[in-house]
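Residues in the sequence shown are numbered consecutively from 101, following our numbering.
Misleading hints may appear alongside valid ones.
To be verified - Simulated DEER-style distance windows between Cβ atoms:
1. D139 <-> R106: 46 to 52 Å
2. V172 <-> A133: 18 to 24 Å
3. T150 <-> M189: 56 to 62 Å
4. L186 <-> E132: 40 to 46 Å
For the record, the hints were derived by calculation from the structure and aren't laboratory data. Just so it is clear, CB atoms sit at the ideal spot from N, CA and C, and this is done for glycine as well.
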Amino acid sequence: MIGFTRVILFWAVAGTIAYFVLRIYGRSLRREALEKSWDANPPPGADAVTRAAFIEKGMADYEGSLRNRLLVIVVVLPFIVIAVLLYLMNYA
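All chains, full assembly: derive it from the sequences and hints.
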C-alpha cells in the first residue's frame, strides 16, 4: 500500500508540473501568434493600446478554448490508467 501511495504522489506531482509547463508554453505560443498576426496586418491608425487590447482579447479567447481545456488530460489520464490497471489486476 505504501508503494501505491508513492506512485500516486509521484504521478500527481509530475502531472501537475507537466500541466503547468505545457500551459505556459501553449500560452506563449498563442501570444506570439497573436503578436505576429497584428504585426503582419495592423489596422490603419492603430496604436500600442489597440494592439494590447487585441492581444488580451485573443488570450481571453484562448483561455476558453478546447485546446487549453484538453491539457487537464495530462493530470487526469494517468490516474484513470492506474485505476483501470488496478481493477484489472485485482478483479479480473
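So, going through the hints one by one against the coordinates:
no. : hint                      : in the structure
1   : D139 <-> R106: 46 to 52 Å : 49 Å, holds
2   : V172 <-> A133: 18 to 24 Å : 22 Å, holds
3   : T150 <-> M189: 56 to 62 Å : 59 Å, holds
4   : L186 <-> E132: 40 to 46 Å : 42 Å, holds
The earlier numbered hints are all upheld by this structure, with none contradicted.
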